[in-house]
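Chains W and Z supply the protein sequences, listed in that same order. With my numbering, the residue at position 23 of the first sequence is 23, and numbering never jumps. With my numbering, the residue at position 346 of the second sequence is 1346, and numbering never jumps.
Watch out, some of these pointers could steer you wrong.
[Stated by the list, open to error] Over the 12 Å line for every Cβ pair with chain Z, so calculated as not near, a few chain W residues: (1) Cys78; (2) Val118; (3) Ile152; (4) Pro168; (5) Glu196; (6) Trp205.
[Claimed, not checked] Covered stretches of chain Z, as calculated for chain W (at least 3 residues, CB under 8 Å): (7) 1108-1118; (8) 1202-1213; (9) 1228-1236; (10) 1258-1264; (11) 1483-1494; (12) 1550-1564.
Just so you know, the hints here were simulated from the structure itself, not pulled from any lab data. Just so it is clear, CB atoms sit at the ideal spot from N, CA and C, and this is done for glycine as well.
Read off the chains here:
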Amino acid sequence: MPDGKRIEIQVLRYRPEEEERPVWQSYYVPYTDDMSVLQGLQYIKDELDGTLSFRWSCRMAICGSCGMMVNGKPELSCQTFLRDLQPGPVRVEALAHFPIERDLIVDVGEFVKKLESVKPYIIPKEPRKLSDGEYLQTPAQLEQFEQFSSCINCMLCYAACPQFGLNPDFTGPGVLALAHRYNADSRDGGRAERMEILSTEEGVWSCTAVGYCSEVCPKGVDPANAVNQNKVNSAKDYFLRFLSPKGESK
Amino acid sequence: METFKADVAIIGAGGAGLRAAIAVAEADPTLSIALISKVYPMRSHTVAAEGGAAAVTQAHDSLEAHFHDTVAGGDWLCEQDVVEFFVGQAHEEMVQMEHWGCPWSRKADGRANVRAFGGMKIERTWFAADKTGFHMLHTLFQTSIKYPSIKRFDEHFCCDLVVDDGRVQGVVAIEIATGDFKLIQAKSVIIATGGAGRVFRENTNGGIVTGDGMALAYRHGVPLRDMEFVQYHPTCMPGTGLLFTEACRGEGGFLLNKDGYRYLQDYGLGPASPTPVNKAMELGPRDRLSQAYWHEKQKGRTLSDPRWGDYVHLDLRHLGEKKLRERLPQIYELAVEYLGVDPAKECVPVLPAVHYTMGGITADALTAAPLPGLYSVGECSSVGLHGANRLGSNSLTELIVFGKVAGVEAAVYTKSAPEGNAKKINMLAEESQRKAMSFVARTDGTERIATLRREMAKSMEDGCGIYRMNDTMQATCDKLAELKERYQRVQVDDHSKGWNTDWLLAIELGYLLDVAQAMAHSALNRKESRGSHQRLDGYEQRDDANFLKHSLAHYAGQDAPRIDYGPVKITSSQPGTRAYGAAGEEADRKAKELAHA
């Protein structure tokens, strides 16, 4: 390191096979101005302590693996730079509101189950053969859902969401945004099926519109907006139920 | 050991693995599919592909043109029947992705838009802004949820294949969260584990891209083909190697040296036109552009900076902020956040970095390996599409075209394959477990994982970079032999069971070293220059008489791999001169005249 700078990184360690509860551990890391928090952790793992565990892969804020709390805020560690956190110490811990499996690794299983539950795929409005070519979708129609399709499943919004902190069964911002992504797609006809899932108590109505989810989103997805739009849809569906024969049978 | 019985096991759940899984499920919903990945599917490295996916789309384009661009781009080392099949299937697979919801960028009339890409004569690259791989991966992952026959084994690390009775019969995997071993018994196995760019120091690849599937097949006697062909992408971020998509140039970006001069015109790619011309200047193929950078650096015409080292400029300023935000939003963000450079106002520093492995597991035109029951698809595979140099935007299309083929083929094979000998399979799986466990059992190791990895990556860069010479390649081969020997004494710090990533890194390092050896020895033995394999030691020319053939690296344990060769399938395109820019136009004109004569 040419400029010889060092920074203290404090990591909340949790190794269930060795310790009963999480403990803070300090490491001193040489750094340069272009180094991310992730690179700091990699230095620790490579040079100081091979037992430190964390997920990472792409290093460019698109794979969604390396979300963690940095100085109390949910962040992608690959996109958070040590230069912005000097003089330190930098405090790093696992994403809030999730069970910790080990060190900075949280249990993703429940999140993925929720994602799978909202039918996140096209349920065609009208069937189309491959030989008919692509569905026509104008740039304006694309814009209706494009932003919500940019979610990288990093779960920072769950760590930010006070409701999810209180009620882990809440479907949560990221997955609600994903459901909305398909509801808002001009090719899709599955909204009614999805609204049955979204309109439950654990769906959109659990959201108390704090909006911190959108603030921490590294991809500008704005889940709060998606949830809000679906509250409107859910309320509409509730009233329509009294009018339509399909609604009566449910 | 816990055993799961599947009809088809797929290792890797990126674009290729997911597409293969869906193809099996659609071919026969009664077949059970085990989709095994060391990460959750949406973390797979397909996610980082930016620019787009090629398929002939416009009325004035043709399958022949896409075929010719690909074969010439690959310096005639492509399997031409494979390329013919590929270009013919590409468009339908793009439409299939569209029906599954991929948010392709659109034209005003609602049809999918296409953009220009390097080495492609006509615009034919479908794109979803500059996050095409991300959108394809998420679309495939989300679509795969529809199929109940796909059982995922997320965060399961494959440590071996089970091969008995001359055919592959399953996979041994470690459940990462618990450290428990699982045997996934299967009549066929599709490897879709991606490339091996992490054998090099400066690369665009994610940390997971460690050649696992290549090494697994290789160790079981399947040769790795054309491994010397490693692609340097010409525009990457200094320091980290992160990728700035070729679409930057497809949209009109320039490459400038320290004098602000578009230097590519000095390397047979000119003339320098102010607007993009397909197959010229910045839209030349990647091997030529990376080589031009190397020469500029030799001539002292690159820029230099204590933060970034040597680099050239990618100039996007003339595109304007609006277009950059619309077409290249991720690039914009990366430049601002990682480099502190606003591409609408300043030039972006870039240099070549390792990006892609053209070679891989030997596969026939239907993705089958010489080992019965084994298939491979995507970057880990050498189906013969890319030859000596891949054209940008052919590889995303490869994932879905050949992912489907692999799924269909594996399904057919599975139905006729006999039941395996369960007792024998179990015994083999336990043997694999013992081997994998030996890393954590040891406490007297002396070698640090990161040290070996760093020495390997440095040595690969020194010996197998953009230009190569006998002595430096030999030094790399020697170094790798030394590292493999030291690897016998590697020490794992971590002795716990659950989430022992230190242990997995040690196993991955073994994969990397084997793949690196296949690359270095294949390179040393290819005494010519072709595509991405360029020599400066008396073998500067392509030598079709002696080397119009695929290299095959055969695993030999602790010894150096044995290298031999196989034939290249030529159908309609005889090896010719690769010409770009004005020279390319001239060559095309002459070819047309000849055809009409």
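Now for the hints, and whether the structure bears them out:
no.: 1; hint: Cys78; result: violated (9 Å)
no.: 2; hint: Val118; result: violated (10 Å)
no.: 3; hint: Ile152; result: violated (7 Å)
no.: 4; hint: Pro168; result: holds (18 Å)
no.: 5; hint: Glu196; result: holds (17 Å)
no.: 6; hint: Trp205; result: holds (24 Å)
no.: 7; hint: 1108-1118; result: holds (count 5)
no.: 8; hint: 1202-1213; result: holds (count 3)
no.: 9; hint: 1228-1236; result: violated (count 0)
no.: 10; hint: 1258-1264; result: violated (count 0)
no.: 11; hint: 1483-1494; result: holds (count 3)
no.: 12; hint: 1550-1564; result: violated (count 0)
Checked against the numbered hints above, the structure breaks hints 1, 2, 3, 9, 10 and 12 and satisfies the rest.
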